[in-house]
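Enquirer: Use these hints to put chain U onto chain E, whose structure you have.
Sequence lines, in order, name chains E and U. Note that the first sequence covers residues 1 to 306 in the working numbering. Note that the second sequence covers residues 307 to 637 in the working numbering.
It is worth saying that the hints were derived from the structure and are not from the lab. Take every hint as true, because none was put in to throw you off.
The list that follows gives simulated cross-link-like pairs (lysine-lysine, DSSO-like), each with its CA atoms no further than 30 Å apart:
#1 U:K623 / U:K570
#2 U:K368 / E:K302
#3 U:K444 / U:K396
#4 U:K509 / U:K396
#5 U:K632 / U:K570
#6 U:K342 / U:K433
#7 E:K302 / U:K444
#8 U:K396 / U:K342
#9 U:K368 / U:K396
#10 U:K433 / U:K444
#11 U:K435 / U:K509
#12 E:K123 / U:K327
#13 E:K126 / U:K368
#14 U:K373 / U:K342
#15 E:K123 / U:K326
#16 E:K126 / U:K373
#17 E:K123 / U:K396
#18 E:K126 / U:K326
#19 U:K396 / E:K126
#20 E:K302 / E:K7
#21 E:K123 / U:K373
#22 E:K126 / U:K327
#23 U:K570 / U:K509
#24 E:K302 / U:K435
#25 U:K327 / U:K368
#26 U:K509 / U:K310
#27 E:K123 / U:K368
#28 U:K396 / U:K373
#29 U:K326 / U:K368
#30 U:K373 / U:K326
#31 E:K82 / E:K41
#32 U:K433 / U:K396
#33 U:K396 / U:K310
#34 U:K373 / U:K327
Remember, predicted model here, so these are calculated numbers, not experimental data.
Listed below are the residues making up each chain.
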Amino acid sequence: MGRYFVKRVLGTIPMMFVVSILIFLFLHMIPGDPARQMAGKEATEQELVQIRQELGLNDPLPNQYINYMDDLFHGDLGTSYKTGLPVSEMLLGRLKPTIQLMFSAMIWSVLLGIAIGVLSAVKRGKVADYVGMFLAISGISIPGFWLGLVLIQIFSVNLGLLPTGGLDSWQSYILPSLTLGCGIMAVLARFSRSSMLETMREDYVRTARAKGQREWLVVLRHAFRNSLVQVVTVAGLQIGGLLAGSVLVETVFSIPGMGRLLVDSIAFRDYKVIQAELLFFSLEYIVINLIVDLLYGVLNPKIRYQ
Amino acid sequence: MPEKLLLDVRHLRTEFTQGKKGSVVAVNDVTFQIEKGEILGLVGESGCGKSVTALSIMSLLKDTPGKITDGEVYLEGNNLLRCSEEEMRKIRGENVSMIFQEAMSSLNPAMRVNAQLVEAILLHTDKTKREAEEHALKMLGQVGIPDPARVGRSYPHQLSGGMSQRVMIAMAMSCDPHLLIADEPTTALDVTIQAQILDLMRKIQREIHTGILLITHDLGVVAEMCSRVIVMYAGRIVEEAPVQHLFYEPMHPYTKGLIASVPKLGSGVTSLPSIPGSVPDLSMMPPGCKFAPRCRYAQDRCREEEPPLVELSGGRKCRCVLVQDKEATVE
Chain E
1 MGRYFVKRVL GTIPMMFVVS ILIFLFLHMI PGDPARQMAG KEATEQELVQ IRQELGLNDP
61 LPNQYINYMD DLFHGDLGTS YKTGLPVSEM LLGRLKPTIQ LMFSAMIWSV LLGIAIGVLS
121 AVKRGKVADY VGMFLAISGI SIPGFWLGLV LIQIFSVNLG LLPTGGLDSW QSYILPSLTL
181 GCGIMAVLAR FSRSSMLETM REDYVRTARA KGQREWLVVL RHAFRNSLVQ VVTVAGLQIG
241 GLLAGSVLVE TVFSIPGMGR LLVDSIAFRD YKVIQAELLF FSLEYIVINL IVDLLYGVLN
301 PKIRYQ
Chain U
307 MPEKLLLDVR HLRTEFTQGK KGSVVAVNDV TFQIEKGEIL GLVGESGCGK SVTALSIMSL
367 LKDTPGKITD GEVYLEGNNL LRCSEEEMRK IRGENVSMIF QEAMSSLNPA MRVNAQLVEA
427 ILLHTDKTKR EAEEHALKML GQVGIPDPAR VGRSYPHQLS GGMSQRVMIA MAMSCDPHLL
487 IADEPTTALD VTIQAQILDL MRKIQREIHT GILLITHDLG VVAEMCSRVI VMYAGRIVEE
547 APVQHLFYEP MHPYTKGLIA SVPKLGSGVT SLPSIPGSVP DLSMMPPGCK FAPRCRYAQD
607 RCREEEPPLV ELSGGRKCRC VLVQDKEATV E
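Extracted from the complex, chain E is given alone in its bound form (with noise of 0.2 Å):
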């Protein structure tokens, strides 16, 4: 296991490299001009030329990046063209709304998904299979942003029992949590369910079954700790998601977090802090899907002993 835990952490290195380089060409590839963002139209051709220099943007590609990195190396993520501010002040103070959306989100949405999904499997052409399948139906297809409007509309202003925005309680975590978390809860609905219907038929649940145990034991601890492998790598993908998703959530919900900053980065071609941003979506995407790595290790001892 402990082989198995460092060999996976060593590989994410080269990944960040190789996302850093792509994010750092794409990014420059963009059309746009800071400097004429940052002097404004009236600006002369003299004065843009100047600012670009100012900025390094006239250096050869290479040599941006490697004085980019340099400056990544040394805790320095450069300053945002718009504010002049240290670009990891700006992000420090969004991270966190950002992160407690996240996991706010995050936690119902699994726990919820995968309870879901698991009754409707265990309770298969029942009652509770369908209202289970309905609830994961209508949150795949209701679009975020829609459900936002929507749950704004019922409950902060039709019956004034939440506020519509900003994030200035726990109360004004609710609906922009249930908003992001929604598409999650369902796809991993579903997704629990076949994957527990499939478990169900294996050889083990019915030796489990031969050998006495309780039905729900032999859910649990048979069929249910097996079919977590196979759903376990769909909740990554998901929850890696969750951050572009709060892009969405916290524009509508007006939440001062990481997602409404990228939006006004990219109006404004902040390169600086648009690419501190996507360097910490990646991250985001690779520690999540290291977790799962892990995780699958735990779940499975047969990756585990490879």
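Expert: For chain U alone, kept in the frame of chain E given last:
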């Protein structure tokens, strides 16, 4: 009821629902007995209802479309089909155990071997966890596993097929069941390993006096292991006989065909005789004798009415009008 009787299956009928089309009868009017400490062979082609019979006895048809619609299954006088799910749960593993063809996939891949044995032991005994662990090791040793401690710590994927089947047997025998149902226990194994597993089962039968229902399609295994044999065809028992009689003097045309199709060393025959045609589809059964379309002795009356399973002399039973006629003239 005789003291020696262990399992008494009477008129067992199991049907499988097939969507809206209705249902097919996979096991029909199956009646047989096993005495204490006896090895009874149950042979037949794939799909003839051998495994469904076994699963029906265990009430393990959950998660299949199968349902027992008639009959009685007495285990030591106790009608299993009348038992509640909770009562049945206590009987499974304690009074009657089962091992399967695919031993490797029959073990939970995410649990260590000893944990799976301990689970079975704790379910049916008052042993503490530690005692159960010791008992598990003892069981692994008894089924001839050379290094029980190491195998106990292993996961199923680290074991060979033969080793997995030994583990399955150890698990099945861990609570001293009176009946062991072995569903094609050696089919997936190499010939040498097959012999070892069969030896092991014979040892269990001899030493612990466990009755064994041995399901197989391998007549060689039957000849070596069983005292009595039941032959099934299309969900019905077509012949029952002591093993010697069945091989030397098969009565039912299907049994004759089966035995004739076994290659014999040194017989000089270059091509093996085979039974023409194939097993009828369960949903399109012929009206009369189910074997009539493939039977070379078949007469018109065979195709009209299904013959009953009739008891003959010498503890034999046969479902064939021709055999019954012959027997009648002899008498």
